[in-house]
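J.: Please construct the entire structure, taking both the sequences and the accompanying hints into account.
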Amino acid sequence: MTALIETFDLCKTYVMGEEEVRALQALTVTINEGECVAVMGPSGSGKSTFMNLVGCLDRPTSGHYRLHGEPVSEMDADQLAEARNRMIGFVFQSFNLLARTTATENVELPLMYAGVPPKERRERANAALAKVGLAQRVDHLPTQLSGGQQQRVAIARAIVNRPRLILADEPTGALDTRTSLEIMALFQELNSHGMAVVLVTHESDVAAFASRLLSFRDGKLVGDTAQKPRSAVDEIARLEAEAKVEAKVAA
Amino acid sequence: MNFLTTLRVALRALKTNLLRSILTMLGIIIGVGAVIAMIAVGSGAQERVADQIRGLGSNLIIVMSGNLSSGGVRMGGGSGWTLTEDDAAALSAEIPGVVAAPMLRGGAQVIFGNLNWSTTVYGTTMEYLDARGWALSGGRGFEAAEMTSASKVVLIGETVSKQLFGDANPVGQTIRIKKVPFEIVGLLERKGQSMGGQDQDDLVLVPITTARKRVLGSGNQAKQRAVGSLVLSIADGYDAPAAQQQMTDLLRQRHKLQGTQEDDFTIRNLSEVLQAQEASSKAMSLLLAAIASVSLLVGGIGIMNIMLVSVTERTREIGLRMAVGARPRVILNQFLIEAMVVALIGGLIGIAVGVISSYAIAAIAGWRVALSPLTIVLAVGFAAAVGVFFGYYPARKASRLSPIEALRYE
Numbered sequence: 028m029t030a031l032i033e034t035f036d037l038c039k040t041y042v043m044g045e046e047e048v049r050a051l052q053a054l055t056v057t058i059n060e061g062e063c064v065a066v067m068g069p070s071g072s073g074k075s076t077f078m079n080l081v082g083c084l085d086r087p088t089s090g091h092y093r094l095h096g097e098p099v100s101e102m103d104a105d106q107l108a109e110a111r112n113r114m115i116g117f118v119f120q121s122f123n124l125l126a127r128t129t130a131t132e133n134v135e136l137p138l139m140y141a142g143v144p145p146k147e148r149r150e151r152a153n154a155a156l157a158k159v160g161l162a163q164r165v166d167h168l169p170t171q172l173s174g175g176q177q178q179r180v181a182i183a184r185a186i187v188n189r190p191r192l193i194l195a196d197e198p199t200g201a202l203d204t205r206t207s208l209e210i211m212a213l214f215q216e217l218n219s220h221g222m223a224v225v226l227v228t229h230e231s232d233v234a235a236f237a238s239r240l241l242s243f244r245d246g247k248l249v250g251d252t253a254q255k256p257r258s259a260v261d262e263i264a265r266l267e268a269e270a271k272v273e274a275k276v277a278a
Numbered sequence: 112m113n114f115l116t117t118l119r120v121a122l123r124a125l126k127t128n129l130l131r132s133i134l135t136m137l138g139i140i141i142g143v144g145a146v147i148a149m150i151a152v153g154s155g156a157q158e159r160v161a162d163q164i165r166g167l168g169s170n171l172i173i174v175m176s177g178n179l180s181s182g183g184v185r186m187g188g189g190s191g192w193t194l195t196e197d198d199a200a201a202l203s204a205e206i207p208g209v210v211a212a213p214m215l216r217g218g219a220q221v222i223f224g225n226l227n228w229s230t231t232v233y234g235t236t237m238e239y240l241d242a243r244g245w246a247l248s249g250g251r252g253f254e255a256a257e258m259t260s261a262s263k264v265v266l267i268g269e270t271v272s273k274q275l276f277g278d279a280n281p282v283g284q285t286i287r288i289k290k291v292p293f294e295i296v297g298l299l300e301r302k303g304q305s306m307g308g309q310d311q312d313d314l315v316l317v318p319i320t321t322a323r324k325r326v327l328g329s330g331n332q333a334k335q336r337a338v339g340s341l342v343l344s345i346a347d348g349y350d351a352p353a354a355q356q357q358m359t360d361l362l363r364q365r366h367k368l369q370g371t372q373e374d375d376f377t378i379r380n381l382s383e384v385l386q387a388q389e390a391s392s393k394a395m396s397l398l399l400a401a402i403a404s405v406s407l408l409v410g411g412i413g414i415m416n417i418m419l420v421s422v423t424e425r426t427r428e429i430g431l432r433m434a435v436g437a438r439p440r441v442i443l444n445q446f447l448i449e450a451m452v453v454a455l456i457g458g459l460i461g462i463a464v465g466v467i468s469s470y471a472i473a474a475i476a477g478w479r480v481a482l483s484p485l486t487i488v489l490a491v492g493f494a495a496a497v498g499v500f501f502g503y504y505p506a507r508k509a510s511r512l513s514p515i516e517a518l519r520y521e
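Those protein sequences? They're chains Z and D, same order as listed. All the letters of the first sequence, read from the start, carry residue numbers 28 to 278 under the numbering used here. All the letters of the second sequence, read from the start, carry residue numbers 112 to 521 under the numbering used here.
Bear in mind the hints are in silico, worked out from the structure with no lab data behind them. Being a predicted model, the structure only gives us computed values, none of them experimental. Don't take every hint at face value.
As the list claims (entries may be wrong) - Reference listing, derived: stretches of chain D covered by chain Z, where coverage requires no fewer than 3 residues with Cβ under 8 Å from a Cβ of chain Z: (1) 294–305; (2) 403–413.
To be verified - Short, incomplete list of chain Z residues facing chain D, as computed with Cβ under 10 Å: (3) V42; (4) V56; (5) N79; (6) D105; (7) Q254.
Every residue, glycine too, gets a C-beta built ideally from N, C-alpha and C.
T.: Below, the structure written as structure tokens:
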């Protein structure tokens, strides 16, 4: 197994007024290619800071971070933008789709910044949408899609440039149980094809779908355990069986 | 990411907020339109004055006889003919760049066939045409022999020709002036109205010798070579004020005036009046352009205002674009291009508005307007510069956002 994320003594300190907030302290952790990791912790535990650093959105105060062997902690803003574009796909709680822009155009966005020519962009975007089950909805605007469908568009956007890592920040926070399971099933499927997934969440239900659990508290990594992941597909089957039983009882 | 893609993204964003984009453009449209129309009106006025100067002949000066005093009573200009033909010849000969012609003037009726017309007869020399920068549109000027022999030849102005001959060619015909038959040897080019609204083409020119002998006579003016006035011009490139001083000195010397005696002539420089007018119309057009520029500036501030609102409103979008790999520079370009597109499209529409309103002003107010391509290029260039200048600050603000904060922005 090759290491995808390697951090050494990673620290992040914010200065708020006169106070120094040590958001992340001396974090040393390695995540391998193809892993599915859940990052848990209450708010203020440092998990968001961890995500920002791993996602190349922020630079550490001290320490080192290598993503796929590249020294991210040494990069400037332009190089970070390029690293995000090439290696990371983001999925957010609130989807963050561009309004009044079709699904295809939303998915094309990372390819546009990667300098892919328009025709290829369109083809790849539509292929990514097909992969998340939205082949019929490529020309829909976000307002014409349900929450689950919007998150699928966001996932298509995250995978379109074939990144090594999907970084999902509370991806099911705005969705109902059934839709959440579908989204988690999608993540598990992508993961089964070798894409590393890092899920940031405060719900242990969601974290249960990962094969490894990182727990944060007060800016420190307090737990790193391997676990047998729950299968989202099985959960959906169970839900459907229950629904059938209920329908029978009602009848 | 190339320029074309950035341009497309910018156009998309503008299209998404179409009404707002158009309202923002309106400031630039009005600004550019106003600059173009105002400069057109200003330079139209300038051209009109410049044409009058050209019509007058460059640096035209008239020296009037008179200003005699007798026993302390000053008689005013024209009260006596103190100038002579020889004064004109001396001025021409001794002051470099000066052409002077003597002028006798009187009213007369000219007759051709059964048509007649009352006009002004000038008795003068060929220098008159040089001094006034007047050309012939047909025929020839006076010859030296005709001058000395007081031949009955005449040059007629356009108006006189129209009245007596209509559209026919008058050259070679014979007209009678005060019952004396004259052969028309030349037709003067059209000069149009003078500043005072006088028809400059309503005149006939005869040799001064002929005028004295047969048409105007010398009347009670005893001196045989005396004239009422001289017409002079100073050629371009000569120092007009200095030449004017030399004229005064020369005429005083020729008229044997002592140190404290008043001039017995008056020098009037007609070009000076027009030049003053030209300067004032230039000042006016500058003022108009300045006022119009203010509206362009206000339009630019409008762009900045809307771009700032747009950046704030689209903070999350900017954060997302950054998260998926847009470099700060690309974000900067996107917003800068948006501002420039607004300014440029506004500028182009502004040209149309400016040109149309210039013609409308010309048609309604009857003013002369002059559109110059340079003005149009300048106005649009200025509009684009306004776009860059006022678009830069919001664009920079957008590009400096932290992606984390931008994504979290509510």
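J.: All hints are to be evaluated individually against the structure, with a verdict given for each.
T.: Here is how each hint holds up against the structure:
Coverage of the segment 294–305 of chain D by chain Z is violated [criterion: at least 3 residues with CB-CB distance below 8 Å; count 0]. Remark: the segment 403–413 of chain D is not confirmed as covered by chain Z, as 0 of its residues place a Cβ nearer than 8 Å to a Cβ of that chain, below the required three. Look at V42 (chain Z): its Cβ only gets to about 15 Å from chain D, farther than 10 Å, so that hint breaks. Restraint check, V56 (chain Z) versus chain D: the minimum CB separation of about 20 Å is more than 10 Å; hint violated.
Proximity of N79 (chain Z) to chain D holds as hinted, the smallest CB-CB distance being about 5 Å (cut-off 10 Å). At about 5 Å, the closest approach between the beta carbon of D105 (chain Z) and any beta carbon in chain D falls short of 10 Å, and the interface hint on this residue holds. Restraint check, Q254 (chain Z) versus chain D: the minimum CB separation of about 29 Å is more than 10 Å; hint violated.
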